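Visitor: Please take these sequences and the hints and turn them into a complete structure.
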Amino acid sequence: MADQKSSRSLTPEEQKRRRTRSLALALTLGVLVVLFYVVTIAKLGPGVLQRPM
Amino acid sequence: MSTMSNSLAETHVESLATAGLSQGDVSDFFALLKPRVMFLVVFTALVGMVVSPSNVHPIVAFVSLLMIAVGGGASGCLNMWWDADIDAIMTRTAKRPIPAGKIQPGEALAFGVTLSVGSVIILGLVSNWLAAGLLAFTIFFYVVVYSMWLKRTTQQNIVIGGAAGALPPIVAQAAVTGHVALDSIVLFAIIFMWTPPHFWALALVKSGDYQRAGIPMMPNVAGPDATRFQILAYTILLAPLGMAPVALGFGGLAYAIISLVGGFGMLALALQVYRLRQGEPAMRVAQQLFGFSILYLFLLFATLLVEHGFGFFRPVFG
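The listed protein sequences correspond, in order, to chains A and B.
So for the first sequence, our numbering puts the first residue at 6; every next one is plus one.
So for the second sequence, our numbering puts the first residue at 54; every next one is plus one.
What the hints contain is simulated information worked out from the structure, not anything from laboratory work.
Accuracy of the hints is not assured; some may be wrong.
Restricting the straight-line Cα-Cα distance to at most 30 Å, the calculated cross-link-like pairs of lysine-lysine (DSS-like) are [to be verified]:
(1) K259/B to K155/B
(2) K148/B to K87/B
(3) K204/B to K148/B
(4) K21/A to K204/B
(5) K87/B to K21/A
(6) K259/B to K148/B
(7) K204/B to K155/B
(8) K148/B to K21/A
(9) K87/B to K155/B
Quick caveat, the model's predicted, so the values are computed rather than measured.
Guide: As structure tokens, then:
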């Protein structure tokens, strides 16, 4: 059953939609990375480099 | 017989294959978040932030606001997942992504749950866990209490369910101050009291839609006249409540004028809705109240935003 599902080829329209969905997901992940970095710097401020040795 | 069963099997395989493939575009997934409701969430949450004295970093405030917006969108998405059957029946909602066949219910569920969990965790990490807990409660209240329970069982559905839509200013204030104060509770009360006249005005116009879908909205259950009385009663409570920020000192001179004029406008229209009960004029005035109620709430919150966010605050007393 699984083989039959995967053997169905996508139409050009479906391929295009899948591509835009993948790009949107990649963009979201990229934004999250930037967001976490910026928030870390904003919350820690100058103390970002001060770590207990 | 064998040809027939083969044909059935092929159809079954085809439907499974089609069901496994997402047909949705990025815009369809965005539509699942109810962008217009999300805008209202961002807007009221932003006002909840600016009226609260705090020294939180602007980036932290921005990300908190973003997570409140995503949480609001996630609850809209889960609402669409749960209500897909009735959305397909109503003209207003039939073109939503799930009833339109663009997005599979399972996709919407996964999307909504991911965004819900993600937004709550990130808000907790970025601001504090009180705000995150309040956001989680808002999502739970909208999806489980309103969508799954109240909406299809009681005519008071949007009165109690309206609490979910009124919570964003409280979540936002908690995010930037770490506590909940009277300011945001008053903003909550204004939205809460505004919801019944706003939705029931729409329900008077669209009662046929709700009737077909089997949703017990006030006009279908208690009748249009009882609904008109309830609209008037809630508006009589709403108009003075809209002026409460002035009495509490966080609504300035501009807010006092806007809330006074807007409150009278709401009362005048609610009175018209109560009086006009037949034919086209009755529908027209209900439509006008629905439209004006959006403008009224927008103006109240926009005035607070301008007064506090852009330094235009002029106290009424002292």
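Visitor: Each hint needs a verdict: does it hold in this structure or not?
Guide: Structure-based check of each hint:
1. K259/B to K155/B: Holds. K259/B to K155/B sits at ~25 Å (cutoff 30 Å).
2. K148/B to K87/B: 13 Å, holds
3. K204/B to K148/B: Distance of about 20 Å is within 30 Å: holds.
4. K21/A to K204/B: Violated, because 38 Å separates the two Cα atoms, which is more than 30 Å.
5. K87/B to K21/A: Status holds; Cα separation ~24 Å.
6. K259/B to K148/B: 16 Å, holds
7. K204/B to K155/B: 25 Å, holds
8. K148/B to K21/A: The hint holds at about 22 Å.
9. K87/B to K155/B: 15 Å, holds
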